[in-house]
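With the sequences and hints as input, model every part of the structure.
Quick mapping for you: the protein sequence lines, in order, are chains V and H.
Each residue of the first sequence is one higher than the last, beginning at 1 in our numbering.
Each residue of the second sequence is one higher than the last, beginning at 315 in our numbering.
Just so you know, the hints here were simulated from the structure itself, not pulled from any lab data.
The C-beta atom is built at its ideal place from N, Cα and C for all residues, glycine as well.
A couple of the hints might just be wrong.
[What the hints assert, rightly or not] A few chain V residues that face chain H, going by a derived Cβ cut-off under 7 Å, partial list only: (1) L89; (2) A93; (3) A96; (4) D108; (5) Y109; (6) V129; (7) D190; (8) I249; (9) L282; (10) L286; (11) M289; (12) M292; (13) V293.
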Amino acid sequence: MTRRTKIGVAVAVAGLAAAPAVLNPYWVDVLNSVGLYGLLALSLNVILGDAGMYNMGHAAFYAVGAYATAILNTRYGIPVLWTLPLAGLAAGAFAAVVARPVIHLRGDYLLIVTVGVGEILRIALVNDVFGLTGGPNGIFGIARPFVFGLKIRKPHQFYYLIWAFVALTVFVFHRLQHSRFGRALNYLRDDPVAAEGSGIPTGRYRLLAFVVGAAWAGMAGTLYATKMTIISPQSFSFWESVVVFMIVILGGAGNMAGVLLGAFLIVGLPEVFRGFASARLLVFGLVMMVMMVVRTQGLLPPRPRRFRLPDASG
Amino acid sequence: MEQFFQQLTNGLAVGGIYALIALGYTMVYGVLKLINFAHGDLFTLGAYLGLTLITSLALHDRVGVALGVLVLVLMVMGLVAVVGGLLERTAYRPLRESPRLSAVVSALGASIFLQNAIMLIYGARLRVYPQDILPRTTVHLFGVGVPLMRILIFSASVVLMAVLYLWIHKTRMGTAIRAAAIDQGAARLMGIDVDRVILLVFLVGPALGGAAGVMVGLYYGQISFTMGWLYGLKAFTAAILGGIGNIPGAMLGGLLLGVIEALGAAYVSLAWKDAIAFLVLILILIVRPTGILGERVAEKV
Numbered sequence: 001m002t003r004r005t006k007i008g009v010a011v012a013v014a015g016l017a018a019a020p021a022v023l024n025p026y027w028v029d030v031l032n033s034v035g036l037y038g039l040l041a042l043s044l045n046v047i048l049g050d051a052g053m054y055n056m057g058h059a060a061f062y063a064v065g066a067y068a069t070a071i072l073n074t075r076y077g078i079p080v081l082w083t084l085p086l087a088g089l090a091a092g093a094f095a096a097v098v099a100r101p102v103i104h105l106r107g108d109y110l111l112i113v114t115v116g117v118g119e120i121l122r123i124a125l126v127n128d129v130f131g132l133t134g135g136p137n138g139i140f141g142i143a144r145p146f147v148f149g150l151k152i153r154k155p156h157q158f159y160y161l162i163w164a165f166v167a168l169t170v171f172v173f174h175r176l177q178h179s180r181f182g183r184a185l186n187y188l189r190d191d192p193v194a195a196e197g198s199g200i201p202t203g204r205y206r207l208l209a210f211v212v213g214a215a216w217a218g219m220a221g222t223l224y225a226t227k228m229t230i231i232s233p234q235s236f237s238f239w240e241s242v243v244v245f246m247i248v249i250l251g252g253a254g255n256m257a258g259v260l261l262g263a264f265l266i267v268g269l270p271e272v273f274r275g276f277a278s279a280r281l282l283v284f285g286l287v288m289m290v291m292m293v294v295r296t297q298g299l300l301p302p303r304p305r306r307f308r309l310p311d312a313s314g
Numbered sequence: 315m316e317q318f319f320q321q322l323t324n325g326l327a328v329g330g331i332y333a334l335i336a337l338g339y340t341m342v343y344g345v346l347k348l349i350n351f352a353h354g355d356l357f358t359l360g361a362y363l364g365l366t367l368i369t370s371l372a373l374h375d376r377v378g379v380a381l382g383v384l385v386l387v388l389m390v391m392g393l394v395a396v397v398g399g400l401l402e403r404t405a406y407r408p409l410r411e412s413p414r415l416s417a418v419v420s421a422l423g424a425s426i427f428l429q430n431a432i433m434l435i436y437g438a439r440l441r442v443y444p445q446d447i448l449p450r451t452t453v454h455l456f457g458v459g460v461p462l463m464r465i466l467i468f469s470a471s472v473v474l475m476a477v478l479y480l481w482i483h484k485t486r487m488g489t490a491i492r493a494a495a496i497d498q499g500a501a502r503l504m505g506i507d508v509d510r511v512i513l514l515v516f517l518v519g520p521a522l523g524g525a526a527g528v529m530v531g532l533y534y535g536q537i538s539f540t541m542g543w544l545y546g547l548k549a550f551t552a553a554i555l556g557g558i559g560n561i562p563g564a565m566l567g568g569l570l571l572g573v574i575e576a577l578g579a580a581y582v583s584l585a586w587k588d589a590i591a592f593l594v595l596i597l598i599l600i601v602r603p604t605g606i607l608g609e610r611v612a613e614k615v
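Structure follows, in structure tokens:
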């Protein structure tokens, strides 16, 4: 990290930690949404930003996690936070099963398959598959989490729970990006043929990145389920996947700071314009078009790695 | 048997509509390698413009209804083509040299924009097409009663597809489109104005999609501002099923998907009707990603 980044991170952390003290509960709740979408976007970033795989069905994994938590908690009485790893496992396993046969597909084809998977899952949830998902009404009565015996109920309590998880996520994924695995993913994204040629097991790494991202989205699903206490198929529509996809691309695929900034802008900013509720999405669509034209790489594109060899021609 | 025949004709009518939308996807993908996510919303726009024209032209007076519907469809096609062309100039052309993902997001932005523009203009509720425009009679085919509407919709889409097919294969402009789809650089070297070809594709595809929108309005009688994305996704599935970039493939894929879906809804489960299309999509991508009529393309990983 450069000095500037360190200062930037310190300011951001301090600002986020102090936020609930100065904001009213409504705005704290908006920041909770930003945090949840931030988590989702960070998890998609592993797949889309780091490994360069177009996944536009991310809401499906979010849904699997949320439903895993809801079912385990309401039917079997398992405390919500204990279901967190289980939700991650469920979403990861689901991703492994559905992605295995299609992971080799190139760009657009993978994108459209993931859209299809997301939609099939949503239809399955609506149709009350296995009699577990509660059909179109979903599942209600999901319990609140306990942290060290304290029941998390108010927005600012959720705020610290969610953002602590965001901080953990940034830490874990930062380590991941700088690991052998993370570097391999970048090679794979930038030049799959060369990556394959230099001995990176492309298929296995692609699948692994997909599963890791999906598992993390599943855990974000746990937080969503316990915050809302009610979930239904509508919460996991195609547009959720689109929004998360846009957050990653707008913020800067591959750069976690950019991705979080994207979550603030796409989820947080529209709240400021609540007064114009009906025209908000119109403007949103327009802004996305304009943004892509004027700043194609996203707001904060990742910097090239410093250990990159000097260009032979220069 | 009766039920099978009914579902078959229903599937062919709906399949014809899918095929018309699929043509727009496949032409754009053929030339630009871009999934035009806004295409489904251009289809919706067609349905709504059709509704506006029907009510303002007072077509339900039954004065020259057949001619009236024809003029109506042509007007809608023209209007939607203009919007498609505008979209190309504003949302896609500036991104031609950019990474693929930015174009995808711009397309999604355009889709959201169009969808909400339609919602703001026409309202969020379902809108109903007048029921008395086309006769609701049934005709007897091989001893089975089939709604005339199905035959009309199916014939109309076949006529439009035939016109497109001839245009693409028999005219200079059509040849230019095919050339640009194979190799833009080479086409440019041969003196083809590729920018014009791309604009042309964004006029013709949306025009066909707009016509499909009117047909859905006439066939189902109900339209909603969000219907574009489901139809769009299914039409895209049809395009992949036939072989993306391949025009006869899109037609075949559309009809096939319509029939599969109709039979699946009747014999498997109505509740899973929409899932059947996506299942077909995933299966085809696993088994034969190039589609039924698609040729093997050099893998650009």
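Using the nearest Cβ pair, does Y109/V come within less than 7 Å of chain H?
Check passed: Cβ of Y109/V comes within 6 Å of chain H, closer than 7 Å.
The hint names I249/V as touching chain H; please verify it with the least Cβ-Cβ distance against 7 Å.
At 5 Å from the nearest chain H Cβ, I249/V passes the 7 Å test, so the hint holds.
Given hint M292/V near chain H, where the shortest CB pair must fall under 7 Å:
Holds: closest Cβ of chain H sits about 4 Å from M292/V, inside 7 Å.
Residue hint M289/V, partner chain H, criterion CB-CB below 7 Å
4 Å, holds
Restraint check, 7 Å cut-off on beta carbons, for A96/V near chain H
The hint is violated - A96/V has no Cβ within 7 Å of chain H, the shortest such distance being about 16 Å.
Holds or violated: V129/V as interface residue toward chain H, Cβ cutoff 7 Å?
10 Å, violated
Under 7 Å is the threshold here; is the Cβ of D190/V close enough to any Cβ of chain H for the hint to stand?
Check failed: Cβ of D190/V comes no nearer than 12 Å to chain H, outside 7 Å.
Restraint check, 7 Å cut-off on beta carbons, for L282/V near chain H:
4 Å, holds
Status of the hint placing L89/V at chain H (closest C-beta pair under 7 Å)
24 Å, violated
Hint L286/V vs chain H: min CB-CB distance below 7 Å?
5 Å, holds
Close enough to count: is the Cβ of V293/V nearer than 7 Å to one in chain H?
Where the cut-off is 7 Å and the nearest Cβ of chain H is about 5 Å from V293/V, the hint holds.
Per the CB criterion, is A93/V less than 7 Å away from chain H?
18 Å, violated
Hint violations for this structure: numbers 1, 2, 3, 6 and 7, all remaining hints satisfied.
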